[in-house]
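Asker: Given only the sequences and the hints, what does the whole structure look like? Please build it.
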Amino acid sequence: MGFPAVSRGGFTPLNRYNSEVLSSFPALRPLRLLALFTAFLLVLGMPLAQAQQKVLRIAFRTAETGFDPQRVQDRYSVGICENIFEGLLTYDYLARPVKLTPLTAERVPDPEESGTRYTFRIRPGIYFADDPVFKGQKRELTANDIEYSIKRFRDPALRSPYEWLFENKLVGLDELAEQAKKSGKFDYEAKVAGLEVRDRYVISFKLKEPDYNFLYVLAMPNVVPVAREVIEAYASDTMAHPVGTGPFVLREWVRRAKIVLERNPNHRGYELDTQYADPGDEWDRRAIEALHGKRLPLLDRVEIYPIEDDQPRFLAFLNKEHDILDETPPSFINQVLPRGKLAPSLEKEGVHVFRELQPEITYDVFNVDEVVNGQPNPLGGYTPERVALRRALVMAHDRNAEIEIVRKGQAMPAQSAVPPGVVGYDPDLRSPASDADVPRAKALLDMYGYVDRDGDGWRDLPDGRPLVLQYKYNIGSDSRQLAELWVKCGAAVGIRIEALAVQFADLLNDKRVGNFQMSGSAWIADYPDAQNFLQLLYGPNTNQSNEARFRLPAFDRLYEKSLTIPDSPERNHLYREMNRLLLAYAPWRLGVHRIYNHLQYPWVKAYKKHPILYTNFKYLDLDVAAQHAGTSR
Amino acid sequence: MTAYVIRRLWQMIPTIAGVILLIFFLFNWVGGDPAQVLAGKISNPEQIANIRRQLGVDQPYWYQLLVFVKQVFTFDFGRSWSTNEEVSHILLTRVGPTLTIMVPVLIIETSLAVLFAIMVAYVRGSLTDRVIMIVCTTAMSISFLVYIIVFQWLFGFVLGWFPVQGWSESFVRNLTSYAPLPIMLAVAVGLAPELRLYRSFFLDEINQDYVRTARAKGLPEKAVMMKHVLRNAMIPILTNLGILLPGVFVGSFLLEVFFSIPGLGREIITAVNRSDFPVIKAVTVYLAILTMVVNLVVDVMYKFVDPRVSFK
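Same order as they appear, the protein sequences are chains A and B. Its first residue numbered 5, the first sequence is counted upward by one per residue in our numbering. Its first residue numbered 408, the second sequence is counted upward by one per residue in our numbering.
Mixed in with the good hints, there may be bad ones.
If you want the ones that stay clear, here's a sample from chain B, every Cβ over 12 Å from chain A, calculated [what the hints assert, rightly or not]:
#  : residue
1  : 418
2  : 421
3  : 446
4  : 478
5  : 491
6  : 497
7  : 522
8  : 535
9  : 547
10 : 555
11 : 570
12 : 680
13 : 681
Simulated crosslink set (DSS-like; lysine-lysine; CA at most 30 Å straight-line) [stated by the list, open to error]:
#  : chain 1 : residue 1 : chain 2 : residue 2
14 : A       : 58        : A       : 412
15 : A       : 186       : B       : 477
16 : A       : 58        : A       : 189
17 : A       : 103       : A       : 613
18 : A       : 185       : B       : 477
19 : A       : 352       : A       : 613
20 : A       : 612       : A       : 262
21 : A       : 189       : B       : 710
22 : A       : 324       : A       : 412
Just so you know, these hints were derived from the structure itself, not from any lab. Backbone N, C-alpha and C define an ideal beta-carbon position, used for all residues, glycine too.
Answerer: Set out below in structure tokens:
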């Protein structure tokens, strides 16, 4: 019978020839049928196969820099590394407060030798993703990869922003780094007593001092093994060639425009560990329901688009071009959560909002050095009148206005230097000394002689010199609002505060070397222990992370003692004492803990935001049919 | 003409030298210390000194300047300090998206502006002329940012005619899907000032004696306008295009940021924020050379547009 409609209609000469050939050989007719049927299946099947792919689309609010885990510091680049590489340890997806769990290690080791030794056994049979460097061979992860990767942090040529993690930490590593500085070449072959590779799968870390938080360091997404041959093969651009043992591989990277991760076909797979799940938590319940009995990861592909501006990021989500909106921009918070409730239009779409209090704190730093840039610093020192001035400023600051106006209500006042969700956080601790109280601030200033002596309407120093303070902030950012608030709050108690905008790099330098009087800062947990926050006030960290240049022997003693004690009520007591000293001497004004609102469409399954890890792709699932229906609406 | 071109090329050398000095001193006096940005959350002075040493910013100024001059002449600006990507690769990969947007913008904007300008100049003083001038003045008074926010919201989100943002690897998809909205926006914003400017060029010519003579000779209006007026008005229009052309290669920072276009404009701002001097140096020098070359080309084109022009 043939296909008259096709054979008569618009064939090219070649097709007509083929058609004639087929017509002249009846035996070939079934072939034609088969070819047409195959073509039909292909046409029909290809989009179907594509449609069945689980493709998650998401935006990052800042562009990435690269994916060499030992060289990157921004959370977005690190977030990608979380999916490509695997460290010895990680965090349980559902456990709150967070809990360490083994990843490539067989188990979480117990501290040995009074907290100075940690020994790991890597699980055999974990392989790096395929790469031409491996010449078609499977490349297994070994203890040598861990050793090599940790040495990389101390290679001066690498300029690792996380070098501090292994500074003054492992026996023999500092000496090797010193040697490299002198010779100009890091000797990766040299044996380091603190990095003892016992066999193919066993590595033992020997620390100089006890450190009960060392395991947290090893769970950081930067502290992950890389293959030495890969690093050496792509030495000119290691940022663009990440090869790890993780559940995803980098498939496509248009720098600062698009990052595509695809499921690593050779990955061994995970199962969701539900032992720490909270049955009363709806997010945990949904995650368990969605992932029960499934082998992770489930996503085939993750497309990430760095979009720096708020509006396109927000509209792209509303337009369903993206499945998740991480950190709803504060400028759109009233559209998303009017009066604290999800907007009806979003509710109708089935959008879920995950409200997250990240383990971070914002604070204002008072430089407690008595001399700044060769000039006497009225805020510096530990005498009662200097402490009184700082405490009066803390009370003068209207933190409620900061939360309502600047943070659009998406923050809670900090009561201590330790944020919620961090080991050592004390939910019962209240610090009324940080609350706004203008009359008390004024009374305190009057009591210590900060009064207007020359009649110009502004308070002067007790010795009669004018009192003018300077608040430095980062030019071209939201911190201008915070600076303006300080100027206003200072004026409310009669203190003249001048706001000075400086470039970001200059501000970093000024805060490191103490060339400022007051400035704003924020700290996000590298690992979930109070120590990571309290080290910001440890005297020896001056010129590094101790921007206030706070050097109080009593505080330093407590801090040092806390390092030698594992997580316990005794250590929490020390943390509480340190917080008390912070409030008493006021080297900081405690700011807020910001609240982040993450939105997802209903087809995104098993979503839960982790406070330390930035991404959760390996735990997510997608309802492709619902996604297709939702996006085509 | 050859002698003229050689002379002009020769004159570029002191200009480039001036540009090099200006960038160098601006970066060292006003620009932040890149080592501070690269050092990470916790770093000590020794680590910062190590970074400065590796970047070469601890060298004497004369030496850094010498390295810069060498880079300009070898066209090798090394690698980005923040991402380690080769600067030449940055320029080559980012210029494509920028041109995909900016070339159509320049062509459409210029064509429409010339066309409308000659039309309104012809009917000068009429209601049409007045209405168009009022619309142009109003359009010019609104910030570019407002246009972007409104257009993106209206055409991208509410009407859904275009994607809100995005970019792909396919040139055709970019041109047909992602580029139309930013192109439309840039044309809408750029058209008003261009139209007003070109209108004034045409009005200057329409009032010339040769136009009156042409009309007196009985030439049809179409011939007067399109053959005589347009040709004579082309010189200032070309001059204006010469000014606009280098901007085509730099792109619009705002458009690129709002529409997630991985172009040069966005790259330049990121480089400035990160004190990424190799990228800043390369883009500035390349732009300076481009501006000078475009100016030279425009000057040469005068001769073809108006044979009375001579090279001296």
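Asker: Against each hint, give a clear statement of whether it holds in the structure.
Answerer: So, going through the hints one by one against the coordinates:
Against chain A, the non-interface label of residue 418 of chain B holds: every CB pair exceeds 12 Å, the least being about 35 Å. Even its closest Cβ contact with chain A, about 31 Å, leaves residue 421 of chain B beyond 12 Å, as expected for a residue assigned away from the interface. With a cut of 12 Å on Cβ distances, residue 446 of chain B falls inside the contact zone with chain A, its closest approach being about 7 Å. Look at residue 478 of chain B: its CB is around 18 Å from the nearest CB on chain A, clear of 12 Å, so calling it non-interface holds up.
Here residue 491 of chain B does not stay apart from chain A, with its beta-carbon only about 5 Å from theirs, under the 12 Å limit. Distance check for residue 497 of chain B against chain A: the nearest CB is about 8 Å away, which does not clear 12 Å, and the non-interface claim fails. The Cβ of residue 522 of chain B sits about 32 Å from the closest Cβ of chain A, beyond the 12 Å cut-off, so the non-interface label holds. With a closest Cβ-Cβ approach of about 36 Å to chain A, residue 535 of chain B is found to remain outside the 12 Å limit, as its non-interface label requires.
With a closest Cβ-Cβ approach of about 23 Å to chain A, residue 547 of chain B is found to remain outside the 12 Å limit, as its non-interface label requires. For residue 555 of chain B, the requirement that its beta carbon stay farther than 12 Å from each beta carbon of chain A is not met, with the minimum near 8 Å. For residue 570 of chain B, the requirement that its beta carbon stay farther than 12 Å from each beta carbon of chain A is not met, with the minimum near 6 Å. Not every C-beta of chain A lies more than 12 Å from that of residue 680 of chain B, the closest at about 7 Å, which undercuts listing it as non-interface.
At roughly 8 Å from the closest C-beta of chain A, the C-beta of residue 681 of chain B falls inside 12 Å, breaking its exclusion from the interface. Using a Cα cut-off of 30 Å, the hinted pair residue 58 of chain A and residue 412 of chain A is violated, with the two alpha carbons roughly 35 Å apart. Proposed proximity of residue 186 of chain A and residue 477 of chain B is supported: the alpha carbons are some 29 Å apart, at most 30 Å. The suggested pairing of residue 58 of chain A with residue 189 of chain A is violated, with an alpha-carbon distance near 46 Å, which exceeds 30 Å.
This hinted pair checks out: residue 103 of chain A and residue 613 of chain A have alpha carbons roughly 14 Å apart, not beyond 30 Å. Between residue 185 of chain A and residue 477 of chain B the alpha-carbon distance is near 28 Å, which keeps this suggested pair within the 30 Å criterion. Between the alpha carbons of residue 352 of chain A and residue 613 of chain A the distance comes to roughly 23 Å, so the proposed pair stays at or under 30 Å and holds. At most 30 Å may separate the alpha-carbon atoms for a hinted pair to count; residue 612 of chain A and residue 262 of chain A meet this at roughly 24 Å.
Restraint check: the Cα-Cα separation between residue 189 of chain A and residue 710 of chain B comes to about 61 Å, which exceeds 30 Å; the hinted pair is violated. Between residue 324 of chain A and residue 412 of chain A the CA atoms are separated by roughly 25 Å; this keeps the pair inside 30 Å, and the hint holds.
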